[in-house]
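Top to bottom, those sequences are chains A and B.
In case it helps, our numbering puts the first sequence at residues -2 to 254.
In case it helps, our numbering puts the second sequence at residues 27 to 259.
Hints were generated in silico from the structure; no laboratory data involved.
A hint or two may mislead.
[Said to hold, decoys possible] Below, simulated SDA-like cross-link-like pairs (lysine to any residue); rule was C-alpha separation at most 25 Å, straight line:
| id | chain 1 | residue 1 | chain 2 | residue 2 |
| --- | --- | --- | --- | --- |
| 1 | B | 155 | A | 39 |
| 2 | B | 155 | A | 85 |
| 3 | B | 197 | B | 181 |
| 4 | A | 169 | B | 157 |
| 5 | A | 169 | B | 167 |
| 6 | B | 155 | A | 97 |
| 7 | B | 155 | A | 98 |
| 8 | A | 124 | B | 257 |
[Stated by the list, open to error] Derived Cβ-Cβ restraints for the label pairs, each shown as a range:
| id | chain 1 | residue 1 | chain 2 | residue 2 | range |
| --- | --- | --- | --- | --- | --- |
| 9 | A | 144 | B | 240 | 31 to 39 Å |
| 10 | A | 77 | B | 168 | 18 to 26 Å |
| 11 | B | 92 | A | 122 | 46 to 54 Å |
| 12 | B | 115 | A | 12 | 54 to 62 Å |
Glycine residues also receive a C-beta, built at the ideal position from the N, C-alpha and C atoms.
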Amino acid sequence: MNEAPCIRVVDVHKKFGPLEVLKGVSFDVHRGSVVSMIGASGSGKSTLLRCINYLEVPSAGAIYIEGESLGFQEDAAGRRSARPLRDINRMRRDLGVVFQQYNLWPHMTVLGNIVEAPIRVRGLSRKEAVRVADECLRRVRLSDKAHEYPARLSGGQQQRAAIARALAMRPKVMLFDEPTSSLDPELTDEVLNVMRELAEAGSTMIVVTHEMDFARDVSDRVLFLHDGLIDEEGRPGQVFTAPRSERCRQFLAKYLK
Amino acid sequence: MSEALRQSLDLALFWEYRFVLFGGLLFNAAIFACAAAAALVLGLCAALLRVSLMRPLRWGGTVYVELFRNAPDYVMLVWVHFVLPLLLGLALRTRIEFHPFVSAVVALGLVYSGYFAETFRAGIQAIPKGNIEAGRAVGMSEALILRRITLPQVVWRMLPEALNIFVSLFKATTIVSLIAVPDLMYRVSMVTQQEMRPLPLYTGAALTYFAVILVVATLLRWASERWRRTVLV
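So here's chain A without its partners, still in its complex pose:
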């Protein structure tokens, strides 16, 4: 892994008023790798994921996407200035986000949800966007629901549609924010299976999850967050079987019985 990391997170802090949710987090994500972020509720993992595409603006630190800083630009003399929102929007296209609450646009059909950004943000023709959408819907096994409105779909189907929507932008990295936490247990597998297939196909993914089986079986690396810091990180085999951190050991003990 000598190439530049796909995503580099450098000493990211995030404060909400007096509350410091992230206290200096750094890690790299290389192309084709799957990084899972685990940790108790309130440990900062969702905030960290949201900082990666600037849905939350970090209070300090930097995010680099393929070497380019997301929040700052540097001129020839090396002076840093805040990036205009237009530039941030351009860079966000390379990061597909899947939310816990799906966040499909309810006034558009599944197909409408998927082609919207490719047409209006990427500038694809409608025909080309529909072709891409069909391919994405096949990947998430939802081709028969293309013309349904989100409200008529089950939670699992909505989440798979949301994954297809993110995939249609052909992002360099997929960010998943607890994608199965709102789902009934019997619907969780259909979403996790789609995510497993994406990982097997070589997608670069950052996944915030409480699904420890998924984190253990699919990830290349696991980060355990505690109190706004990475408390433990390593290959899943090491983190799940021989964690160095006592807090990580306690956390996993609750999940892995």
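With chain A held as given, fit chain B onto it using these hints.
Same frame as chain A, but now just chain B:
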């Protein structure tokens, strides 16, 4: 049946003047259309001020909404037609007069923009934040999010209330005769002065407004509900 009642219900005279009178109704329709368009645009702008993150803008929006929402239609009409040109004339040091049609559109547009602003605001605030975030996450600009994600859902939510406001606005167009816009009511008054038989003319006008509003509003409500049912939010 008393003579007065018989005369009131004998619409032959109204029918005799139908072309003149229905020509007046077109003025009502034209003022309604222009004022509605103005009210929607101004109302949306005021609503965006009301939900702005910047406090002075929010205050500005609140003052605008309260000012116009609480102004009586008639007072506003007279003020815009007679006082506003004077003030503008003083400021620009020239003589300004508004055509009655323009005054009617401006006055009603302003008053009803206050109502629409509140309906828009409620609609905007009801949209889940996640919808907006999903737009940002795929790199959509704020303007694109407003146009493609927020507004269509706001329209969906506000349609029933907006139709009620449209009905009120159409009814309010009947006061424009007071500044001599030749609408249906104005023409009824003129014909009445000629014929000296007000009862059938005013009854005819009342029935015409009633029929037009009932039919158009019913059709629009039916169409809007049909559309709203196909798109479940």
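Is residue 197(B) close enough to residue 181(B), meaning Cα to Cα at most 25 Å? holds, 22 Å
Need the status of pair residue 155(B), residue 98(A): alpha-carbon distance at most 25 Å? The hint holds at about 11 Å.
For the pair supplied as a hint, residue 155(B) and residue 85(A), confirm whether the alpha-carbon distance does not exceed 25 Å. holds, 19 Å
Hint check: residue 124(A) vs residue 257(B), CA-CA at most 25 Å. Holds or violated? holds, 24 Å
Distance restraint between residue 169(A) and residue 167(B), which requires alpha-carbon spacing of 25 Å or less: With a Cα-Cα distance of about 20 Å, the restraint between residue 169(A) and residue 167(B) holds, given a limit of 25 Å.
Take a quick look at whether residue 155(B) and residue 39(A) sit within 25 Å of each other, Cα to Cα. holds, 20 Å
Take the C-alpha atoms of residue 155(B) and residue 97(A), compute the straight-line distance between them, and say whether it is at most 25 Å. holds, 13 Å
CB of residue 92(B) to CB of residue 122(A), is that within 46 to 54 Å? holds, 48 Å
Could one say that the CB atoms of residue 115(B) and residue 12(A) fall in the range 54 to 62 Å? holds, 55 Å
When you take the CB atoms of residue 77(A) and residue 168(B), is the distance between them in 18 to 26 Å? holds, 24 Å
For the pair residue 144(A) and residue 240(B), does the Cβ-Cβ distance stay inside 31 to 39 Å? holds, 36 Å
Hey, residue 169(A) versus residue 157(B), does the alpha-carbon distance stay inside 25 Å? holds, 22 Å
Consistency with the previously given hints is maintained throughout, with no hint failing.
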